[in-house]
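Visitor: From first to last, the protein sequence lines are chains A and B. One point on numbering: in my numbering, the residue at position 5 of the first sequence is 5, and numbering is uninterrupted. One point on numbering: in my numbering, the residue at position 150 of the second sequence is 150, and numbering is uninterrupted.
Incorrect hints may appear among the rest.
In the SDA-like style, the derived pairs of lysine to any residue whose C-alpha atoms are separated by at most 25 Å in a straight line are [unchecked claim]:
1. B:Lys256 to B:Gln87
2. B:Lys256 to A:Val120
3. B:Lys134 to A:Ala32
4. B:Lys65 to B:Met117
No wet-lab data here; the hints were simulated from the structure. Since we're looking at a predicted model, the values are computed, not measured.
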Amino acid sequence: MKRNRVPLVVTALVLVFFYLPMVILIINSFNASRFGGSWEGFSLYWYARLLNEHEIWAAVENTLVIGVAATLISTLLGTTAAFALHRYAGTLQKAHYTLIYTPLVVPEVLMGMSLLLLFVSLGVDLGLFTIFLAHVTFCISYVAMVVLARLQDLDFSIVEAARDLGAGWWTATWRILLPLLAPGIAAAGLLAFTLSVDDFVISFFVAGPGSTTLPIRIYSMIKHGSPPLINALSTILLVVTFTVLLITQRLTQEKKR
Amino acid sequence: MKRLCAALFILALAGGCAIDRPTLHVFTWSDYIKPDLIQRFEKENSCRVTIDTFDSNESMYAKLKGGATGYDIVSPSSYMARTMWRQGMLQELDRKQVPNLSHVDPEYLKIALDKEMKYSAPYMLTVTGVAYLKNRVPNLQPTWAVFDRTDLKGRMTMLNDMRETIGGALKFLGYSLNTTDERELAAARDVVIRWKKNLAKFENEQYKTGLASAEFLLVHGYSGDILQVQEENQEIAFTVPKEGTSIACDDMVILKDSRQAQLAHRFINFMHAPQIAAENTEFVRYLCPNLASYPLLSPETRSNPTLFPSAEVRQNAEVITDLGADNAKYTKVWDEIKAAE
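Next comes chain A alone, as it looks inside the complex:
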């Protein structure tokens, strides 16, 4: 009997559809040509030039500082939010769920503009701190959703058994609950980090003087400046993002075992 080829073809088409543009971008980052039109030979020229672009590296530093800080805080807040959503029921938690869920569906422009208006009316100076707050705001939702999914799979009888056997609340949480939740929390944290590093729209609105992040910088380079530098930079970003993604997947797979 002939094997059905359809799944294979569909998979191949999906992969091409998703990854062909990225492959072309990566190839072009090694192109000596300034425009992607023709292949002018293999070159690391753009990578070399990238090293000397201080403004870009300052933007990278801003992005990483915000990414790390926003990830830490949003993971903490998001996890506690998920815990509250899972353990308690009632109208309050229903409202809580809706509020946590909303940022996932609110358009980014709207969120960026409203955050800007908020900061301005509160008289907060725009800068790294406001970008950090904005990123925490939208990251919490993602973290809470991921951790919540993990909590719903969790067998709470294990925690109860620990309590029966004499573990205090703190010991049970620290030695039983958290290790069981850890893969979910880590995956959520990595997701938050990726989202924070990627964000352009919200960051653009709430950024202040001296706090240009990498995505903002890249957008402004498209009009003025050298497009191939963006290719080289994007390639580096892609490598970083893919590494982070692979780790996330590893952690989520462990859950199934």
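Take the given structure of chain A and dock chain B to it, following the hints.
Guide: Using the frame of chain A, we list chain B on its own:
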């Protein structure tokens, strides 16, 4: 790690810690100032300069209009500078603090939107013109009539921008490219429809790669774009039609809520010191309209029509202005052009 901790600490302080040296915040396009000049300015004035970038006039405007503060100097295009001035977002320039503005090219000021430099100082100029491949289009006459050449049929493009392309036809007919006269516009429409038969398409981006790879032989485009492609293909030449063309300028303006107004004035003055302006022109590869800086430019730059439009070109050029309600007239004509066979 130590650095990260320090950064996080600063973050915790809400970035509000005071720095002894005053800081000037510039909000501009990317790669638009020679980095050495910034360092020199910092040293001379014992201050710090931060550069932040935006990607379009509109997004910058939306952000500032939304209430974002902290920036001192912004470099919008002329039309946006005028809008910002009318909205009361800008300070009036104190000319006593910027004596170097006397070097600004009077030829340019004749056509500028802010002729008295009341609220803006011109920063960088670009023109729209015609780029072509020297080896494939010999003996090109610098006129808009090139788009009537049937021997180049299907190998030419014009900008997909109603003001630029209709403007070209208006200049060809000897009218102002800011006209609101419907008869003149109708005549321009017929010219563009005639040209359209010879065009491959109306194109804003791909004409660069198309020209570099000789897919197109002659394109209507911005000088800044053409300069970039010229690095790729030595055969590319640029010329400005003798009937005149459009000229665009990015200005330097000081925001009303600037906390460093004095330093901002000093910065504008610094950028218009002839030596500095010349260096900046050579680096950015647009023209800073500073008359006293022209003799200091390298002969190579001065003889490059893409970088250095001649006095004649600057005289015949016009700045595209925002026509407000009359914009609809152009939209109507443009729709008719697009619909024509």
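Visitor: Does each hint fit the structure? Answer for all of them.
Guide: Evaluation of the provided hints:
no. : hint                 : in the structure
1   : B:Lys256 to B:Gln87  : 11 Å, holds
2   : B:Lys256 to A:Val120 : 16 Å, holds
3   : B:Lys134 to A:Ala32  : 23 Å, holds
4   : B:Lys65 to B:Met117  : 23 Å, holds
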